[in-house]
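Student: Please construct the entire structure, taking both the sequences and the accompanying hints into account.
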Amino acid sequence: MINSISNNEEAVHPTDRQQSTATSTTHNNDDESDRVHEFAPPFLVRTKSQPEKQEIIRQYQEQDKKPNPYDTIRRIYERFSTSALLENKAAVARDHLANERTYLAWLRSSLSLVTVGVAITQLYNLNPTNNAYAGRSVGATFVILSIVFLYLANARYFHCQVALTKDHFPASRGAVLFGSTAVLAVLIAMFVLIIIDQKSH
Numbered sequence: 001m002i003n004s005i006s007n008n009e010e011a012v013h014p015t016d017r018q019q020s021t022a023t024s025t026t027h028n029n030d031d032e033s034d035r036v037h038e039f040a041p042p043f044l045v046r047t048k049s050q051p052e053k054q055e056i057i058r059q060y061q062e063q064d065k066k067p068n069p070y071d072t073i074r075r076i077y078e079r080f081s082t083s084a085l086l087e088n089k090a091a092v093a094r095d096h097l098a099n100e101r102t103y104l105a106w107l108r109s110s111l112s113l114v115t116v117g118v119a120i121t122q123l124y125n126l127n128p129t130n131n132a133y134a135g136r137s138v139g140a141t142f143v144i145l146s147i148v149f150l151y152l153a154n155a156r157y158f159h160c161q162v163a164l165t166k167d168h169f170p171a172s173r174g175a176v177l178f179g180s181t182a183v184l185a186v187l188i189a190m191f192v193l194i195i196i197d198q199k200s201h
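Quick note on our numbering: the sequence shown kicks off at 1 and runs consecutively.
Source of the hints: derived by calculation from the structure; they are not laboratory data. Worth double-checking, as some hints may not be accurate.
[Unchecked claim] Lysine to aspartate or glutamate pairs mimicking DMTMM-like chemistry, simulated, CA-CA at most 20 Å apart: (1) Lys166 <-> Asp64; (2) Lys65 <-> Glu78; (3) Lys166 <-> Glu100; (4) Lys53 <-> Asp64; (5) Lys89 <-> Glu100; (6) Lys53 <-> Asp71.
A quick note: this is a predicted structure, and the numbers were derived from the prediction, not measured.
Tutor: Next up, the structure:
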């Protein structure tokens, strides 16, 4: 008897559960339809269709036909520009812009080295000591290293540019090893020179 009652309850409960689920789903749908979002979706939420792209191109071409005071400058730039025009597929633009940022990093390193070299040279000119010649030599070495770094920056930039156009990337080794070793050697020489100056005083 108890088993039959429990079986009847089990038979009834799934139906009730489905009905309650359907009722709650209906209420949820009604709530979703009545809900007003606080923020409007952004403008660029989907990719433009082909007709929209063609319309944008047409508007751009019509705008390009209108007289513009900068047309002369643009034509001169397009005629004498040495920039390579590449098809912007996948990460082409991103890779070449990263290459330019790397060049600028080398350029900043070169400017930092020449600044340090001039500062050391002027320091020993204003405060001459027994090792003034050695100090000026260290300063001149920093300036020479800045010139070398500038050359490495240009060589690295154009090497990477050519390699990227061929779907390759040259991982730098020699330039990094040379730059690190040269700067470390000059810094050690400067440190030794400072110790010698302190002992002489």
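Student: Hint compliance check: list the failing hint numbers for this structure, sorted ascending.
Tutor: 1 and 6
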